[in-house]
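Protein chains: 2
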Amino acid sequence: MAAKAESREREVKLLSARNDQYGGVIVDINGDEHRPCYLFIISDLLNCALEGAVQGKKGVWIKLPIERVNLVEAAVKKGFWYHHAEPNYLMLMYWIPQSAHTLPANATHRVGIGAFLINHNRESGQYRGTGVWKLPTGVVDEGEDIFAAAVREVKEETGIDSEFVEVLAFRQSHKSFFQKSDLFFVCMLRPLSFDIQKQEHEIEAAKWMPFEEYAAQPFVQKYELLRCIHDICKAKMDGKYTGFSPVPSTSYTVQKSYLYLNTSTAPRRESKL
Amino acid sequence: MAAKAESREREVKLLSARNDQYGGVIVDINGDEHRPCYLFIISDLLNCALEGAVQGKKGVWIKLPIERVNLVEAAVKKGFWYHHAEPNYLMLMYWIPQSAHTLPANATHRVGIGAFLINHNRESGQYRGTGVWKLPTGVVDEGEDIFAAAVREVKEETGIDSEFVEVLAFRQSHKSFFQKSDLFFVCMLRPLSFDIQKQEHEIEAAKWMPFEEYAAQPFVQKYELLRCIHDICKAKMDGKYTGFSPVPSTSYTVQKSYLYLNTSTAPRRESKL
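Chains as they are written, first to last, in my numbering: chain D, 71 to 343; chain B, 71 to 343.
Since the list gives no way to pick one copy over another, a pair counts as held whenever it fits inside one copy or between any two copies.
Simulated pairs of lysine to any residue, SDA-like, Cα-Cα distance not exceeding 20 Å: (1) K148 with P135; (2) K204 with T320; (3) K268 with T207; (4) K147 with P157; (5) K277 with Q287; (6) K147 with I136; (7) K133 with P157.
To be clear, the hints were calculated from the coordinates, so they are not data collected in a lab.
Let the sequences and hints guide you as you build the complete structure.
Structure representation (structure tokens):
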């Protein structure tokens, strides 16, 4: 038995395991062809975990690159379940205690932006997609700041360089894609260049358009949400509305992140991008 | 050849397929044991798709419940890749055109809330977790509104019933779990009951605490982010700050969603929860 346990411990060490912050261990099964039979190791790793060889750990994560899809079935049959997946890998999880797991849920929201870009003539930068003039919109990438995504999308759809002013409002909606929820941030930007032109194949045209002309479209008038956003943008143009601006802030980690707040009424804080 | 094509078309019909909004077709492979051999069907479905039998479609989704893990390897070997996974299923995708796919990315953000709950004595509802007094915090569930999550977490951690007032600020941070980003909403709530008590095993204690006492903790003073949030909350208590309140709004779909905005300066809109 001692020899068997020692052998198993050695096999566990063959895997590149590291601790997570939830009392578990993450096993990253990479594409290294020189590793011994992974199928055997997955099976044995779990036995080790159950026998307490992975001391004091509550859970085991296995990250399987898509090239290792042949190991998925074996892991699930051993009691692992899916935690999340990205195009090139699948993360599996095993929870050792009898109690309900306390692991973080998968990501639940996609995040998008819509950009109000107003020039000195009260014209907004618009593009025409399917016959209708629209604000530049887009999806915030994984790891991307909201303000950076707004500037990027404006550039990609109209060719205009701009700087971020503030978040005017945001909307949360549900079941927008499969079961996931959606957060959509309406942003105000200040143009730094003025030569507008369509940038992408799907876009029919891009131009500066009097703001009232945009708002008068039946498409905009039809929906309460768009009318409401229009009212906010108009109030902002008239200097009567304040939204949230990003302020850099450090927290528990050294990592810099941004706090979005109403800087016009908050004490001693200024937006510094 | 005609008979072969007809046979394939029939097999495709055996699957419960429906259109998605991106020019693709979703095949939901459920756990029905009476269906014919799924392994064969996955293989053949793809052939059909490639031959144009799934007319005009650009992509094929396959949703495999975890019980059907035995089909994952076959699908990947046919060229499918992972789109996303939840504990009980894996969604696979195949993109037919040679061009880069235009499908929506997986969810990128987890969403959390922190709750400022202030009573008439300028005391805030706090709980003690690991020796430090903290605001009630928690994760917004999939499909849950931010304001509802804040009320729920306050109830779960302190036993207090409350109503939502507004979002005071929010923070976006990155790589908070695996590669996912995080949006954390600082919310103000008004208590509707006052008998505070700890509700969960992990919580050491819960009490009403003078707001200044909370803010004086070294833990709060140490971090710029917490000091900044403290400043905002104090300004709010003094009637000098306005955040974003939720206003119900309909859009393209019949589905009701909430737009969060500065109702104090926005024209003709009031928060109506």
